[in-house]
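Novice: Sequence:
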Amino acid sequence: MATEFGSAIVGAVASYLIQPIIRQFGYLFCYKKNVKDLQRQSERLEVMSNGVQRSVDLARRNLQEIAPDVEAWLVEVNKMKPKIQNIENGCLNGQCPNPKSRFVLSRRAKKTTKVVIQLQTEGNGYLSLCGPAPLLGMDFFLGTGIYMEFKSRKSTEQDIMEALKDRNASIIGICGMGGVGKTTMVKTIAKRVRGEKLFDEVVMAVCSQQPDLRKIQGEISELLGLKLEEESLSARASRLRTRLMNVKKILVILDDVWSRLDLEELGIPYGTSHEGCKIVLTSRVRDVCTATRAEKIVTVEVLNEEEAWVLLRGQAGSCIEAPDLRPIARDVANECKGLPIALVTVGRALQSKHKPLWEDALLQLRRALPTNIPGLLADVYRPLELSYDRIESAEARSLFLLCSLFQEDFNIPIEDLIRYGMGLRMFGGIQNFAEARNRAYTLVEILKDRFLLIEGYKPSYVKMHDLVRDVAIFIASQDKHAFLISHNVNLKDWPIEDSHEHYTCISVISKEMSSLPSGLTFTKIDLLQLECDKPQISVPDSFFEGMRALKVLDICHMDMPFLPPSLGFLKNLRAMHLYSCSLEDVSMIGELVNLEILSFRGSNIAVLPAHIGKLKKLRLLDMSSCGDLREIAPNVISSLVRLEELYTGCNFGFRWAVEEEGKERSNASVCELEALSNLSTLEIQIADARAIPRNMLLSSKLTKYAISIRDVLPNNVEKRFQRAMYLFLPTMVPLADWIRSTLRSTEYLDLVGEGSTNAVKELIPEAFQHVKVLQINNCDILEFLVNTRSCIVPGAGVFPILELLNLVDLTSLQEICHGPLPVGSFSKLRELKLDLLDCLRSLSIYPNVSLANLRSISINRCPRLQNLFPISVARGLSQLEELRISDCQMMEEVFSEDVIGDEVKDDKIEFPKYVERKIKFSKLKILRLVDLPMLKVFCMGIVIMEFPSLQFSRIENLPNLPNFSPESSFTAHDDQIVELQTLSVESPHRLKVETAR
Numbered sequence: 001m002a003t004e005f006g007s008a009i010v011g012a013v014a015s016y017l018i019q020p021i022i023r024q025f026g027y028l029f030c031y032k033k034n035v036k037d038l039q040r041q042s043e044r045l046e047v048m049s050n051g052v053q054r055s056v057d058l059a060r061r062n063l064q065e066i067a068p069d070v071e072a073w074l075v076e077v078n079k080m081k082p083k084i085q086n087i088e089n090g091c092l093n094g095q096c097p098n099p100k101s102r103f104v105l106s107r108r109a110k111k112t113t114k115v116v117i118q119l120q121t122e123g124n125g126y127l128s129l130c131g132p133a134p135l136l137g138m139d140f141f142l143g144t145g146i147y148m149e150f151k152s153r154k155s156t157e158q159d160i161m162e163a164l165k166d167r168n169a170s171i172i173g174i175c176g177m178g179g180v181g182k183t184t185m186v187k188t189i190a191k192r193v194r195g196e197k198l199f200d201e202v203v204m205a206v207c208s209q210q211p212d213l214r215k216i217q218g219e220i221s222e223l224l225g226l227k228l229e230e231e232s233l234s235a236r237a238s239r240l241r242t243r244l245m246n247v248k249k250i251l252v253i254l255d256d257v258w259s260r261l262d263l264e265e266l267g268i269p270y271g272t273s274h275e276g277c278k279i280v281l282t283s284r285v286r287d288v289c290t291a292t293r294a295e296k297i298v299t300v301e302v303l304n305e306e307e308a309w310v311l312l313r314g315q316a317g318s319c320i321e322a323p324d325l326r327p328i329a330r331d332v333a334n335e336c337k338g339l340p341i342a343l344v345t346v347g348r349a350l351q352s353k354h355k356p357l358w359e360d361a362l363l364q365l366r367r368a369l370p371t372n373i374p375g376l377l378a379d380v381y382r383p384l385e386l387s388y389d390r391i392e393s394a395e396a397r398s399l400f401l402l403c404s405l406f407q408e409d410f411n412i413p414i415e416d417l418i419r420y421g422m423g424l425r426m427f428g429g430i431q432n433f434a435e436a437r438n439r440a441y442t443l444v445e446i447l448k449d450r451f452l453l454i455e456g457y458k459p460s461y462v463k464m465h466d467l468v469r470d471v472a473i474f475i476a477s478q479d480k481h482a483f484l485i486s487h488n489v490n491l492k493d494w495p496i497e498d499s500h501e502h503y504t505c506i507s508v509i510s511k512e513m514s515s516l517p518s519g520l521t522f523t524k525i526d527l528l529q530l531e532c533d534k535p536q537i538s539v540p541d542s543f544f545e546g547m548r549a550l551k552v553l554d555i556c557h558m559d560m561p562f563l564p565p566s567l568g569f570l571k572n573l574r575a576m577h578l579y580s581c582s583l584e585d586v587s588m589i590g591e592l593v594n595l596e597i598l599s600f601r602g603s604n605i606a607v608l609p610a611h612i613g614k615l616k617k618l619r620l621l622d623m624s625s626c627g628d629l630r631e632i633a634p635n636v637i638s639s640l641v642r643l644e645e646l647y648t649g650c651n652f653g654f655r656w657a658v659e660e661e662g663k664e665r666s667n668a669s670v671c672e673l674e675a676l677s678n679l680s681t682l683e684i685q686i687a688d689a690r691a692i693p694r695n696m697l698l699s700s701k702l703t704k705y706a707i708s709i710r711d712v713l714p715n716n717v718e719k720r721f722q723r724a725m726y727l728f729l730p731t732m733v734p735l736a737d738w739i740r741s742t743l744r745s746t747e748y749l750d751l752v753g754e755g756s757t758n759a760v761k762e763l764i765p766e767a768f769q770h771v772k773v774l775q776i777n778n779c780d781i782l783e784f785l786v787n788t789r790s791c792i793v794p795g796a797g798v799f800p801i802l803e804l805l806n807l808v809d810l811t812s813l814q815e816i817c818h819g820p821l822p823v824g825s826f827s828k829l830r831e832l833k834l835d836l837l838d839c840l841r842s843l844s845i846y847p848n849v850s851l852a853n854l855r856s857i858s859i860n861r862c863p864r865l866q867n868l869f870p871i872s873v874a875r876g877l878s879q880l881e882e883l884r885i886s887d888c889q890m891m892e893e894v895f896s897e898d899v900i901g902d903e904v905k906d907d908k909i910e911f912p913k914y915v916e917r918k919i920k921f922s923k924l925k926i927l928r929l930v931d932l933p934m935l936k937v938f939c940m941g942i943v944i945m946e947f948p949s950l951q952f953s954r955i956e957n958l959p960n961l962p963n964f965s966p967e968s969s970f971t972a973h974d975d976q977i978v979e980l981q982t983l984s985v986e987s988p989h990r991l992k993v994e995t996a997r
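Quick note, the sequence shown lines up with residues 1 to 997 if you use UniProt numbering.
Any given hint might turn out to be false.
Said to hold, decoys possible - Each computed DSS-like pair below joins lysine-lysine, with the alpha-carbon atoms no more than 30 Å apart:
hint : residue 1 : residue 2
1    : Lys828    : Lys448
2    : Lys925    : Lys165
3    : Lys923    : Lys936
4    : Lys551    : Lys571
5    : Lys248    : Lys227
6    : Lys480    : Lys551
7    : Lys458    : Lys480
8    : Lys524    : Lys480
9    : Lys296    : Lys197
10   : Lys920    : Lys828
11   : Lys925    : Lys458
12   : Lys524    : Lys551
13   : Lys833    : Lys918
14   : Lys463    : Lys151
I should point out that these hints are in silico values taken from the structure, not numbers from a laboratory.
Let the hints inform the model, and build the full structure from the sequences given.
Specialist: See below:
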């Protein structure tokens, strides 16, 4: 019993004393094992926690709540990580020579491993939360395709990137024609912003021509890891909006948008709702970007010639560098006109192909035959055709097809489209040419917004991209439209077709065709356009006999002394254009009783015969640029009682008959215009003012005119203004009544002679409210343009919309405006030109007048002019780009101190604070100061002047300011007007004036 009890005592002592001792020695000797066990278990825990964290992230992305115990478990795991890291760091790669340290680390590792295993056990219950692997997201959209960087695209990319960084731009539109590379561009932008980490997330959805809002929401939500299970559109939008609001900075890309999207309805917050959410949309329609309220709209243009070649070579391979193939491949690249999709499609189709295939492809591209080049019809023509199909306006579609009748790279006159449209009855619901013109310009804008038309070399012209024109020809050649277009300048014979019956529009252009065929029958033809620039071309007498349905006839550059008799069969003809033709007798045209539009523009007719007076339905008569026109039969013009538009040109200006009582006239008289009660457009030159009856009045409907009463028209006749007058008024006799009434609505006014004073007096009561351009030359009487001290002017200001003021050789002019000016005066002025003004002392522009739009100032030979503007006005010249002053003998300062009336504000000049003594001409590019012998200071009281954009300067003969240059530094004394003391260079394009100490 005692033995057993003793054994128990010994066992207990061993258990409480010896086992702990053994365990402590175990920490020391099992050091490596304990550390490795911890590493192994911690790795398992890391994998487990990553899985749980991913599930949590997916749940949060899907707007689901996370259980508190899961979040607490993740917190505990994160707390363990630094403890484990400390143990591993203390091991020194498994070598721990200090026994004490080895013991401590081993003991910690053992205990920590138990905690890690406990966390694993708890985490096993959370692994069931794991969902499917996340989607590829934007990586799938962006792909791995090769993107070729081009210089012309880099600036566009940079514009977009700057807009994305602009806090004030929440919606950015990227627009351009189909196939120009908008989607490629936006994917490139997405890659850049991801690389630069500008946004936390980037998502993209394709909208397409028939936008499905649920589909768009689904694409965005999937990329965000959000499941939209709601049925209603509004509920889905609310859920998507909540998800987007949870991202601090996110970029949403909407590709291929065809119509306005309601972003709120989609559930995409923007602007003040979520300043961190930026939206980029791409569209073929500029109006879509505007309608979606894009603050920044960027247009993607086609590639230039060299870039197009690089892209084609990249697709077709090095084979095109072969000497015999390179010139053909170059022509193929040029035919694609820089459109990337065309270059890629053609390049791939012709990759490693031999010369005959390239030659055939070139021929097909030139003839708009896409079916035999693989991919061209589907990938190039169809997308562009889709842009055409999506135009809602049938009139716009018809106008688009009409543009295909003009030659490649041709500047298409919108006026021709108007006249074609009127002849074809294309415009619905219009009553006159003024309404038709407005409609045509509206339709042109629709087509330009869809990049189916582009700007011509003037605002009144448009052009077609060559591939767009090819697509237009392709569409127009289909049975529904049936256009025949043959523009082969080397064509010697009429284009042979099996059948001509079905054609509705025919355009044939050739320089080699010597004769036209006979016996042609076109029972459905509406329009015929012929250009045969061959002297003495043979036109059969029966040529028009089979075209009795013809409504529009356009003949250009043809030598036809006598019109063919078959022209008389065209009883349905409404519009006839004879442009630059050689004609002798045009009497037959009088038989075309339904004619509404008749143009002889540029033709060499000598006489407009009396037979033309029979055209009682004529609404437009154009005789402009008819250099040989010497006679218009009397009473022809007055007989055309429905005439709305008359263009007599400048060559007939000397021929107008002067009315003399008792004498029969042998030529047309200006007074015949009084009979034209519907006249709304008039272009006329009258060389002799005596031909104008003083009490004559024109139609009150006259809204568009270019009227010249002088013997020579100026070289710079301005066509962009609707209402222009060029008057030579040599005497002070009263103005004719119709000149006075017309003058008051004139936009462009060019006056010559002493009688200019009368014209100015007519406009003073209304303060030149309608004048946009005013040019006055050679008037010795005019002292002021406006004297506000002797007349009351409207509150809107003097010259409120004036853009250009050009005054030349006005020897008595003392001031432009005498007296204070109302606010708003000269607010639109862009260009100021003064020359040979002997008496001009001051421009008298008061400090309350803003010249913020002024871009160019040119002052020459004004010997008494002392300065231009006060400093307060000069500070507002934010758009000034050119400043030229020369030969002004009395000018002492360019910009002076502010004045009230004729007095300086303060007798003593006091410089303002240092900040206010600086002036910056931020956009000035050209500075020219020549022959200013009295000039002492550039800006009165200014210490620092800066010209950061200066590109050219010419400073000559400034003896009182000898070292003035755009890179000079000046010293000023506190008690003196600024004068030159030193010269030093501080920085390029910076003028600095410092106060002397």
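Novice: Would you list, in rising numerical order, the hints stated earlier that this structure does not obey?
Specialist: Structure breaks hint 7 only.
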